[in-house]
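Heads up: the sequence lines are chains A and B, in that order. Using our numbering, read the first sequence as starting at 16 and increasing by one per residue. Using our numbering, read the second sequence as starting at 2 and increasing by one per residue.
Keep in mind the hints are simulated off the structure, nothing from the lab. For every residue, glycine included, the Cβ atom is placed at its ideal position computed from N, Cα and C. Relax, there's no trap hidden among the hints.
Pairwise CB distance ranges (calculated):
#, chain 1, residue 1, chain 2, residue 2, range
1, B, ASN96, A, THR127, 24 to 34 Å
2, B, ALA80, A, SER92, 45 to 55 Å
3, A, GLY111, B, ARG56, 18 to 28 Å
4, A, LYS94, B, ARG56, 44 to 54 Å
5, B, ALA30, A, GLY111, 13 to 23 Å
6, B, ASN23, A, LEU98, 33 to 43 Å
7, A, GLN28, B, PRO9, 34 to 44 Å
8, B, THR46, A, GLN60, 16 to 26 Å
9, A, LEU97, B, GLU4, 24 to 34 Å
10, A, GLU74, B, ASN23, 18 to 28 Å
Taking lysine to any residue pairs in the SDA-like style, the calculated list, with each CA pair at most 20 Å apart, reads:
#, chain 1, residue 1, chain 2, residue 2
11, A, LYS110, B, MET100
12, B, LYS43, A, LEU26
13, B, LYS43, A, SER101
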Amino acid sequence: SQTIHQWPATLVQPVGSPLSLECTVEGTSNPNLYWYRQAAGRGLQLLFYSVGIGQISSEVPQNLSASRPQDRQFILSSKKLLLSDSGFYLCAWSKGTGLTDTQYFGPGTRLTVL
Amino acid sequence: KQEVTQIPAALSVPEGENLVLNCSFTDSAIYNLQWFRQDPGKGLTSLLLIQSSQREQTSGRLNASLDKSSGRSTLYIAASQPGDSATYLCAVNQNAGNMLTFGGGTRLMVKP
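Could you put the whole structure together from the sequences, leaning on the hints where they help?
Here you go:
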């Protein structure tokens, strides 16, 4: 069976510090990978998605970036965090882009920027 | 730009009631619509996926319907239980990248 992991589970960082959140998927190959953010009072917002190694598409311009160094690894990064980066970050995967491909979500990372 | 709206934002019902959660979307050109459940501080769990050519999907006590032409979907929960308490999110898939646009969610509380 497939599983998706995210770490860390929680993170408190000062403004201006760097960020690295990691997401890994087990039990499947060539997944589509997604990063979402859920901020207080706002809905889930798609940040990045990837259909393959080194292929990253950004949905929202911001000071965050994503990378996919391996088939089942997706990393969210920032060089300098802003207060507005606080939120709940969720990674998700799907088998493909077909009509029946649901997305499976990880447990999330709670980021607080002080 | 696709916009997804969920009404009501919050709902409190006694145990055993049947209830309906609503989701509307502005652009009817979708591939599918999905319903998720989110427990506090947790990730999302997929409940049902309705393809654009389908009218409804059922899983246990859950039934989701889709009226693509009017831009509406409903999630029906039968005989609600306290364990159903959670936030329910609907999302539409509008493109080949399987990128989802989410609604704001309905926070459901089922009281014993």
